[in-house]
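J.: In case you want the letters, here they are:
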Amino acid sequence: DAGVIQSPRHEVTEMGQEVTLRCKPISGHDYLFWYRQTMMRGLELLIYFNNNVPIDDSGMPEDRFSAKMPNASFSTLKIQPSEPRDSAVYFCASESQPPGQFFGPGTRLTVL
Amino acid sequence: RKEVEQDPGPFNVPEGATVAFNCTYSNSASQSFFWYRQDCRKEPKLLMSVYSSGNEDGRFTAQLNRASQYISLLIRDSKLSDSATYLCVVNIGSGYSTLTFGKGTMLLVSP
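Those protein sequence lines, which keep their order, are chains A and B. Position one of the first sequence corresponds to residue 81 (the numbering used here), numbered consecutively onward. Position one of the second sequence corresponds to residue 145 (the numbering used here), numbered consecutively onward.
Do not rely on the hints blindly, as some may be mistaken.
[Stated by the list, open to error] Cross-link-like lysine to any residue pairs, in silico, SDA-like; alpha carbons within 20 angstroms at most: (1) B:K223 x B:D183; (2) B:K189 x A:L126; (3) A:K104 x B:A164.
Quick caveat, the hints were computed from the structure, so don't treat them as lab data.
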């Protein structure tokens, strides 16, 4: 198995632009998570899905952030418009049965 | 009080040393506990789960103290390759997959 796949690996954009991050979970995993990691705040859960349905989006910082999971093998996290304070590493993770979530390599986002 | 607290370190130890990390959590209703490892500029990876009775995986031993609400990780015979940040992870939410991560403890093993 290729593991969790994320794209792009790096993204540099200007303030105000739309950013779309992509994730392909491990096949057969029915939970998908989006996290954000910064030095100041550590790793924060943004949203998670179970069987493609959003279960908890209380971690999404504001309306500029949205996430979708149109099918079991694909999810997107969109930021529109982006701001410099959104600069972080965004991880996608998937899980089948506990224990433990498997993380993708992350997308390093820089908003200028 | 933060939900999951860890000493950020760094812990600097020589090869072959034994080192221990602790982590405290605030929610007494927490059900599951893990240690993850994160290398520099890489993703977190599950190191081991933490069971009530304590558990061991090779050189690594994890223990849980529910009464005091802390978790520990002991690494024996440290290797250079153990250098990483160790994240304490607790299931705090109502759903079994709602994990809260500590900010991690950095370990540096030197020759």
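J.: Please verify whether A:K104 and B:A164 have alpha carbons no more than 20 angstroms apart.
T.: violated (36 angstroms)
J.: For the pair supplied as a hint, B:K189 and A:L126, is the alpha-carbon distance within the 20 angstroms limit?
T.: holds (19 angstroms)
J.: Has the given pair, B:K223 with B:D183, been kept, meaning a C-alpha gap of at most 20 angstroms?
T.: Distance of about 14 angstroms is within 20 angstroms: holds.
In summary, the one numbered hint that this structure violates is 3.
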